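Read top to bottom, the protein sequences are chains A and B.
Each residue of the first sequence is one higher than the one before, starting from 4 at the first, in our numbering.
Each residue of the second sequence is one higher than the one before, starting from 6 at the first, in our numbering.
No lab work stands behind these hints: they were computed from the structure.
Please note that the accuracy of each hint is not assured.
Said to hold, decoys possible - Covered by chain A, per the in silico footprint, the following chain B stretches (three or more residues, Cβ under 8 angstroms):
id : stretch
1  : 29-36
2  : 41-47
3  : 50-64
4  : 103-114
5  : 128-141
6  : 170-177
The structure displayed is predicted, hence computed values, not measured ones.
The beta carbon of each residue, even a glycine, is placed where N, CA and C say it ideally should be.
Chain residues, written in single-letter form:
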Amino acid sequence: MRGYAGKFLDVNLSTGEIRETKFADRVLRDFVGGRGLATKILWDRLGKRWETVDPLGPENILLMLTGPLTGYFPGTKICVSGKSPQCNGVVGSTVAGEFGVDLKCAGYDGLIISGRGEKPCYMTVFDDQVEIKDASSIWGKQGRETVRYLTRKSVDEVKVRHPGYGEAKEPSMLYIGPAGEHATRVAVVLTKYAHAAGYGGYGGVMGSKNLKAVVAKGFGPLPEVDDPESMAAMYKTMSAPAYERETFRRWGTGNGGYYFGAGTSSEPIRNWQEEWHDIEDYSGDEFDKFWAKKYWGDFGCPVTCLKLAVLRSGKYEGAICDNPDYELQSYDGTNLGVFDPEVNIHLASVVNEMGLCGIQGGAVLGLAAELYQRGVLTRDDLEGIELEWGNPEAFEALMNLVVNRKGIGDILAQGVYRAAKRIEEMKGVGLMQYVVHEKGMAIGAHGIRSEKDFISDLIGYACSTQGGDHGSQAHFPPFGQGGELSAILHDSAVYCMFAKSVDNEEVFRFYTAITGWKLTAEDWYNKKALRILQIQRAMLLLGGPDITWRPKIDDDNPPRFWEPMPSGPFKGKALDRKTFEKTRAKYYRAVGWDKDGVPTPETLKSLGLSTVNSKLNAAGFRD
Amino acid sequence: MNQDRPVWIKRDYLLCSGCRRCEVACSLSHEEQIWPEASRVRVFMFVPGIEIPHLCFQCDDPECVDACPEGALSVDKKTKAIRVDDSLCTACGVCIDACPGSVPHLHPEGNHIVICDLCGGDPECVKTCQEGRWNALTLGEENMKRQSPETPRALTQKTGNAILGEKTLREVWDQ
Chain A
4 MRGYAGKFLD
14 VNLSTGEIRE
24 TKFADRVLRD
34 FVGGRGLATK
44 ILWDRLGKRW
54 ETVDPLGPEN
64 ILLMLTGPLT
74 GYFPGTKICV
84 SGKSPQCNGV
94 VGSTVAGEFG
104 VDLKCAGYDG
114 LIISGRGEKP
124 CYMTVFDDQV
134 EIKDASSIWG
144 KQGRETVRYL
154 TRKSVDEVKV
164 RHPGYGEAKE
174 PSMLYIGPAG
184 EHATRVAVVL
194 TKYAHAAGYG
204 GYGGVMGSKN
214 LKAVVAKGFG
224 PLPEVDDPES
234 MAAMYKTMSA
244 PAYERETFRR
254 WGTGNGGYYF
264 GAGTSSEPIR
274 NWQEEWHDIE
284 DYSGDEFDKF
294 WAKKYWGDFG
304 CPVTCLKLAV
314 LRSGKYEGAI
324 CDNPDYELQS
334 YDGTNLGVFD
344 PEVNIHLASV
354 VNEMGLCGIQ
364 GGAVLGLAAE
374 LYQRGVLTRD
384 DLEGIELEWG
394 NPEAFEALMN
404 LVVNRKGIGD
414 ILAQGVYRAA
424 KRIEEMKGVG
434 LMQYVVHEKG
444 MAIGAHGIRS
454 EKDFISDLIG
464 YACSTQGGDH
474 GSQAHFPPFG
484 QGGELSAILH
494 DSAVYCMFAK
504 SVDNEEVFRF
514 YTAITGWKLT
524 AEDWYNKKAL
534 RILQIQRAML
544 LLGGPDITWR
554 PKIDDDNPPR
564 FWEPMPSGPF
574 KGKALDRKTF
584 EKTRAKYYRA
594 VGWDKDGVPT
604 PETLKSLGLS
614 TVNSKLNAAG
624 FRD
Chain B
6 MNQDRPVWIK
16 RDYLLCSGCR
26 RCEVACSLSH
36 EEQIWPEASR
46 VRVFMFVPGI
56 EIPHLCFQCD
66 DPECVDACPE
76 GALSVDKKTK
86 AIRVDDSLCT
96 ACGVCIDACP
106 GSVPHLHPEG
116 NHIVICDLCG
126 GDPECVKTCQ
136 EGRWNALTLG
146 EENMKRQSPE
156 TPRALTQKTG
166 NAILGEKTLR
176 EVWDQ
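The following block holds chain A by itself, in its conformation from the complex (with noise of 0.2 angstroms):
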């Protein structure tokens, strides 16, 4: 087995039990790593009665996967998944750094968490030596507090373990700030500052564990690959194509703040009420003025999109954030009337601090101010509030209350969905017109409607494995570049999408020299792919226990995508339904799916997964 370090954490935090799991080459060859091994361990252990799985119990296993290509390709990534707390399904969550690295150098490809700490703990791998440990000095805490106390301690601990050694360099580290330990469905699992591994909300499934963090340091090498001249080559040739992207070099998604309101009306404003805006006083030479780094990188990464912005001085002073990148510019300013970048980059600091979500964190906050605008939600609602447009000290204070879950913060904590579903009860009136979502989780930042985004299927969202995730776009036709089979060769071996720039056929030689497996885009678009497709909609559909999604009802864009543009250059533009529908059924029966969109006896015994078929019959899908 090569590319592999060949064995896994498993760890159970209620029994405190460590102990090591391997898969068999078998195994490997066809789920890959990350979010592919994801859904086949997710399905093997929880598959048999994952409707009742309660995503923030006990017994939802946190997984915090390498693919085999984790180190090797030039951007590196770690894939966190697990049940879902947002869609009830599988999020293969990425993030960037170099946690990845240190694990597989430590010698784990990665850990499988179960169970639920008694109290709040951290773990850490320090080679093979791997322990749980009391967090209560970090419980609360918020990120920088969180970072700066892990890194001494664990240099330290590092010293201990080497002594003699020489400097000794800080671990890697993934953890969880407030809004994480508080469980809500609207937190990230975070490292360094600002770089989250967003959809799916992870941060509340670790923090219903009790797991603060998980740090981790290896002094070994990446294992062995199988044939390292043509990897040492292929790391140059797959990185000079990079080194071209001038404009993704020079802004990340950091200009995106201005271009996908003016440019290409496609920019959630104010809830998504409006997509279109051409403040200059909001492009990307606005938010330069605040990068302290203008290339901000992780483990060989040949782009380094992203900028460190830093205000050192003002009423914000002390703000650190990455960029702050689109997203986050977006749903934490755009989204909530915010046009002043230095407004921006504190909101997305503060984000980062509590460990919230920037995409559903600013969305809940949209949503509410949407319903104040509305007269829905009074002041008395929101604990005295005036959450108008555009005022950062009101959404910072209900922020807070989302984090702690105190008051409307409580049902705000739950997403825009589930808080839309609650509001309605309480208030005896339709708000699903509303909300802007896709099965429980808020949309990317990148409107449809106008058609000019980047991401401009309409079946895009609807028909996503990963609902909302705008990394992860249903396409049609599904196989080949483009679309979640490509998404789903990413996250399972693990590596970053915006650093990759060569195409699919590029990383199947590049896999096939780091593992010795031969991988053909047959093989993988209409075999491997498309199996680990169909276990994550099996899983999707089946959700539960509080959501099950009817996909005749749900795979449908959010009710505002359907309403004319209300302004800008395309103006009174409406989606086509028809076309849509056409494209939806299409798109059904070219993976394998039967009219209502579930995985077809034919295709599930094809692809070798009779459980799934099994499962799909019992839970009544072929009523």
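On the provided structure of chain A, position chain B as indicated by the hints.
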């Protein structure tokens, strides 16, 4: 390309992206595998955003060489790099304490010290940093004043002050 003249590696910490491609290049060149801890250049990140590529400063009068009780360290006549004779090195660590920048470290396998050898005069770390146009590591001219050796902590302090400001650095870094 081996060069027959003294070279040195100039660093601009404010330009380091933290991509650690220098570690990849160095370990691929010296160890034929990706091995961050075995790299002769190591990027320290005691504070996220403050990334410090740390490697031999090539002092004029290297104290590590004087301190080595085994005579395992020497200055390369052509490049002025510090050479480690692995067959003589006992991994005693005296050179680590002697170095004012605390640069040398043990090979992770523990049997000898590793110090940047300038790849014979054409360092791989510099090449990769320049290919990507970060230019945090560049080749210094022979007649330019070299940077003084400093520890990762001291460099984090300086660079952190410059990037975050003193007040914020104090808040985020527990020295």
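Hint check results:
1. Only when three residues or more bring their CB closer than 8 angstroms to a CB of chain A does the claim for the stretch 29-36 of chain B stand; here the count is 4, and the claim holds.
2. Check result for the stretch 41-47 of chain B against chain A: holds, 4 residues qualifying (beta carbon to beta carbon below 8 angstroms, three or more required).
3. Coverage of the stretch 50-64 of chain B by chain A holds. Counting CB-CB distances below 8 angstroms, 6 residues qualify, and the rule asks for three or more.
4. Taking a C-beta to C-beta cut-off of 8 angstroms, the stretch 103-114 of chain B contributes 6 residues in contact with chain A, enough for the three needed, and the coverage statement holds.
5. Requiring three or more residues with a Cβ within less than 8 angstroms of a Cβ of chain A, the coverage given for the stretch 128-141 of chain B holds, as 4 such residues are present.
6. Restraint check on the stretch 170-177 of chain B versus chain A: 5 residues with Cβ-Cβ distances below 8 angstroms, three needed, restraint holds.
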